[in-house]
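A.B. asks: Residue numbers (this note's numbering), protein chains in the order written: chain A, 1 to 410; chain B, 1 to 228.
Fair warning: there could be bad hints in the mix.
Computed spacing ranges between beta-carbons, pair by pair [said to hold, decoys possible]:
1) B:134 x A:5: 29 to 39 Å
2) A:5 x B:173: 33 to 43 Å
3) B:227 x A:6: 18 to 28 Å
4) B:25 x A:22: 26 to 36 Å
5) A:23 x B:25: 46 to 56 Å
6) B:43 x A:23: 30 to 40 Å
7) A:22 x B:217: 48 to 58 Å
8) B:194 x A:6: 25 to 35 Å
9) B:122 x A:6: 16 to 26 Å
Output of the computed footprint for chain A on chain B, the stretches with three or more beta carbons under 8 Å from beta carbons of chain A [stated by the list, open to error]:
10) 69 to 81
11) 96 to 106
12) 130 to 144
The hints are simulated quantities; they were obtained by calculation from the structure and are not laboratory data. Every residue, glycine too, gets a C-beta built ideally from N, C-alpha and C.
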Amino acid sequence: MTKDLRVAFFLGYKSIVNGNKSIIALMIFILSLAFVNLIFTTSILNGVTATLDNQLINNSVANIVIDPQEYPTRENYIINTTKLRQQIKNIPGVTATVVHYNLMATFAYDKDKNGQFKYGSWPVIGIDPEDEPIVTGVSTHIIAGNYLKDPGIADIVLGSDIAGGYGAATETTSLGGVKIGEKINLNFGNGAQRVYTIRGVSKVKFTLIDQNAYITTKDAKSILGISDDRASEILVKINKTGDEDQYVKQIKKLAPDLKVRKWTEYTSMLDSITNSFDLVTGIISAVGLVVAATTIFILIYVNTVNKRRQIGILKAIGIKENIIIISYILQSFFYAIFGIIFGSIIMFCFVAPHFLSHPIALAIGDISLAIKENQVIQGIFSLLTAALIAGLVPAWRAAKENILEAIWGA
Amino acid sequence: MNIDIKVKNLKKTYTGKVPTYALRDISFEIKKGEFIAIMGKSGSGKSTLLHQLGLLDTPTGGELLIDDVNVLKLNDREKTLFRLQRLGYVFQEYALILELTALENVLLPAFALNGSHQSYRKRAADMLDKVGLTDRVDHRPNELSGGEQQRVAIARALINNPKILFADEPTANLDTNSSREILELFKKLNKEMGQTIILVTHEPDDRKYVDRVLWIKDGLLEKEEKIS
Numbered sequence: 001m002t003k004d005l006r007v008a009f010f011l012g013y014k015s016i017v018n019g020n021k022s023i024i025a026l027m028i029f030i031l032s033l034a035f036v037n038l039i040f041t042t043s044i045l046n047g048v049t050a051t052l053d054n055q056l057i058n059n060s061v062a063n064i065v066i067d068p069q070e071y072p073t074r075e076n077y078i079i080n081t082t083k084l085r086q087q088i089k090n091i092p093g094v095t096a097t098v099v100h101y102n103l104m105a106t107f108a109y110d111k112d113k114n115g116q117f118k119y120g121s122w123p124v125i126g127i128d129p130e131d132e133p134i135v136t137g138v139s140t141h142i143i144a145g146n147y148l149k150d151p152g153i154a155d156i157v158l159g160s161d162i163a164g165g166y167g168a169a170t171e172t173t174s175l176g177g178v179k180i181g182e183k184i185n186l187n188f189g190n191g192a193q194r195v196y197t198i199r200g201v202s203k204v205k206f207t208l209i210d211q212n213a214y215i216t217t218k219d220a221k222s223i224l225g226i227s228d229d230r231a232s233e234i235l236v237k238i239n240k241t242g243d244e245d246q247y248v249k250q251i252k253k254l255a256p257d258l259k260v261r262k263w264t265e266y267t268s269m270l271d272s273i274t275n276s277f278d279l280v281t282g283i284i285s286a287v288g289l290v291v292a293a294t295t296i297f298i299l300i301y302v303n304t305v306n307k308r309r310q311i312g313i314l315k316a317i318g319i320k321e322n323i324i325i326i327s328y329i330l331q332s333f334f335y336a337i338f339g340i341i342f343g344s345i346i347m348f349c350f351v352a353p354h355f356l357s358h359p360i361a362l363a364i365g366d367i368s369l370a371i372k373e374n375q376v377i378q379g380i381f382s383l384l385t386a387a388l389i390a391g392l393v394p395a396w397r398a399a400k401e402n403i404l405e406a407i408w409g410a
Numbered sequence: 001m002n003i004d005i006k007v008k009n010l011k012k013t014y015t016g017k018v019p020t021y022a023l024r025d026i027s028f029e030i031k032k033g034e035f036i037a038i039m040g041k042s043g044s045g046k047s048t049l050l051h052q053l054g055l056l057d058t059p060t061g062g063e064l065l066i067d068d069v070n071v072l073k074l075n076d077r078e079k080t081l082f083r084l085q086r087l088g089y090v091f092q093e094y095a096l097i098l099e100l101t102a103l104e105n106v107l108l109p110a111f112a113l114n115g116s117h118q119s120y121r122k123r124a125a126d127m128l129d130k131v132g133l134t135d136r137v138d139h140r141p142n143e144l145s146g147g148e149q150q151r152v153a154i155a156r157a158l159i160n161n162p163k164i165l166f167a168d169e170p171t172a173n174l175d176t177n178s179s180r181e182i183l184e185l186f187k188k189l190n191k192e193m194g195q196t197i198i199l200v201t202h203e204p205d206d207r208k209y210v211d212r213v214l215w216i217k218d219g220l221l222e223k224e225e226k227i228s
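Work out the full structure, taking the sequences as your base and the hints as a guide.
C.D. replies: If you want it as structure tokens, here you go:
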């Protein structure tokens with residue numbers, strides 16, 4: 001067997017070294033594109049789900065959301081939040097907690113000061129300007145004016161989709177382009193009315209978040225008539241995303257009546273988007289692999305058909321079929337390995353850096369490539385397996401062919 | 001035994017809508033060291049006969065003993081090894097491996113038989129020297145003339161010391177001078193090395209190089225002609 005391998009390697013090596021350089025270069029180029037296609041499509045779809053995940057965790061609900069009791073009676077607020085937050089903070093691995101006050105209001109803004117108001121209804125979240133940046137990242141996405149500051153009475157930060165003028169998909173339903181420092185009227189669901197000064201505009205590039213407005217907890221509590229430490233929800237940040245389940249269990253032990261959810265459960269709509277993308281990623285990966293395998297198969301098949309006469313000659317002079325088949329498999333491995341190497345260079349040196357500096361702007365945020373190590377490894381093994389099959393089948397067929405038919409093409 | 005090949009009632013029929021009887025009950029013997037020509041008109045079955053003798057094709061019936069081995073009972077794998085160890089071939093169209101140099105083409109059968117090419121480089125170079133290509137060892141087939149390629153093919157056919165050398169119209173694509181050189185080379189190998197050679201040719205002039213001619217007509221052995 002070692003003897004056969006040596007001869008097969010010799011024939012394969014000579015075929016590559018002394019073969020038609022243009023064809024070899026073309027085969028490697030096509031295989032490198034097949035590899036890039038395999039990694040790129042999955043990475044871009046991973047990028048979509050990663051962006052969705054990051055937006056939710058970093059700018060909206062953190063890792064875990066604690067909502068008020070639902071059974072046996074539905075409550076509007078979580079009580080004794082100070083004590084509960086302290087207990088949660090004591091759990092090892094919990095980075096921080098914040099309380100939110102969730103309101104809904106109708107906004108009225110007279111842009112041209114001519115009595116022509118534009119109206120719209122959006123969520124308003126009461127936040128602690130000092131604590132909030134530890135848990136969510138809206139404060140780092142202020143695109144005009146400033147973030148809220150304590151005490152911040154009668155100050156408001158608007159999401160860009162509310163403010164308008166920042167090219168959002170919902171531009172027509174926005175306030176049409178607010179100016180920093182101007183006044184805006186809010187009528188809350190409970191009948192309270194307030195006039196706020198617009199301090200800033202935030203934009204995280206995720207429509208669901210950019211349709212929120214932010215006021216201070218003091219303001220929110222005054223509107224809701226809360227004088228103690230009740231809150232609408234508590235957000236919990238942990239230091240390792242993915243470990244939420246164990247923290248949810250521990251928090252549920254501390255507050256068995258409250259609704260404790262991971263970020264993944266928080267919005268069913270995003271879950272369905274993520275699941276859909278996972279499905280699409282799987283389908284596209286499978287299709288990409290079939291395309292890559294077919295490409296290799298066609299290339300190797302054409303190559304072996306072109307060398308049919310040579311295969312016949314080799315058989316005629318007494319070279320074993322196994323040696324011929326192995327030599328073609330080695331050649332297809334060579335093409336696949338160099339296709340993977342050049343594909344990796346294209347992917348990691350050109351495509352990935354390009355998308356990092358020029359992400360695709362979608363309604364859920366800036367999408368870049370999320371290249372997962374396991375998918376790259378899977379891509380490599382898939383391509384090598386495809387090369388094995390694509391090298392084996394045509395070489396096996398050619399090697400099994402009648403010698404005279406192979407030589408004279410009968 | 002002094003017999004290299006024994007053929008008895010050899011048949012080859014190509015099946016189809018109308019069966020073609022390419023070889024019909026051919027019987028003959030070839031002695032060790034003989035230089036035989038198989039001659040006949042185009043389509044007479046001479047190449048078909050050579051292909052059966054050289055184990056490149058399987059006869060429909062009959063018996064074939066080569067070097068005392070009933071080769072028709074060998075399986076494909078055994079036939080391959082038999083070809084590698086005991087038979088050598090020279091085809092009409094040179095049939096060299098294009099990616100290999102002259103030297104590599106010659107040593108390939110030895111490498112396949114013994115698993116080492118380094119130890120056979122000298123022998124391959126000697127074989128090329130014997131066919132007059134000492135200065136062409138590192139040339140690839142596309143850098144050689146037709147006659148030179150055919151001489152490389154002869155050197156390759158001889159590298160494993162085959163019992164029998166088969167040559168299927170080896171001069172068909174060569175000019176007169178090259179053809180004469182190749183046939184003289186065969187004659188020299190036959191005389192000096194005692195090599196059994198079976199040559200298929202349609203050139204009547206080639207008879208002068210051989211010991212005996214087997215005349216084939218319509219798939220039958222028409223006559224045997226001894227050349228003095």
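A.B. asks: Hint by hint, say whether it matches the structure.
C.D. replies: Here is how each hint holds up against the structure:
The supplied range of 29 to 39 Å is met by residue 134 of chain B and residue 5 of chain A, whose beta-carbon atoms lie about 32 Å from each other. For the hinted restraint 33 to 43 Å between residue 5 of chain A and residue 173 of chain B, the CB-CB distance of approximately 36 Å keeps it satisfied. The hinted range of 18 to 28 Å is not satisfied by residue 227 of chain B and residue 6 of chain A, whose Cβ atoms lie roughly 45 Å apart. A C-beta distance of roughly 53 Å is found between residue 25 of chain B and residue 22 of chain A, which places it outside the suggested range of 26 to 36 Å.
Here the CB-CB span from residue 23 of chain A to residue 25 of chain B is close to 49 Å, well matched to the stated 46 to 56 Å. For residue 43 of chain B and residue 23 of chain A, the Cβ-Cβ distance of about 38 Å falls inside the hinted range of 30 to 40 Å, so the restraint holds. Distance hint check: the CB atoms of residue 22 of chain A and residue 217 of chain B are about 49 Å apart, consistent with the given range 48 to 58 Å. One distance hint, 25 to 35 Å for the beta-carbon pair residue 194 of chain B and residue 6 of chain A, holds here, with the actual separation near 32 Å.
Checking the proposed 16 to 26 Å range against residue 122 of chain B and residue 6 of chain A shows it holds: the Cβ atoms sit about 19 Å from each other. Coverage of the segment 69 to 81 of chain B by chain A holds in this model, with 4 residues showing a Cβ closer than 8 Å to a Cβ of that chain against a need of three. Requiring three or more residues with a Cβ within less than 8 Å of a Cβ of chain A, the coverage given for the segment 96 to 106 of chain B holds, as 6 such residues are present. Counting residues of the segment 130 to 144 of chain B whose C-beta lies closer than 8 Å to any C-beta of chain A gives 1; at least three are required, and the coverage claim is violated.
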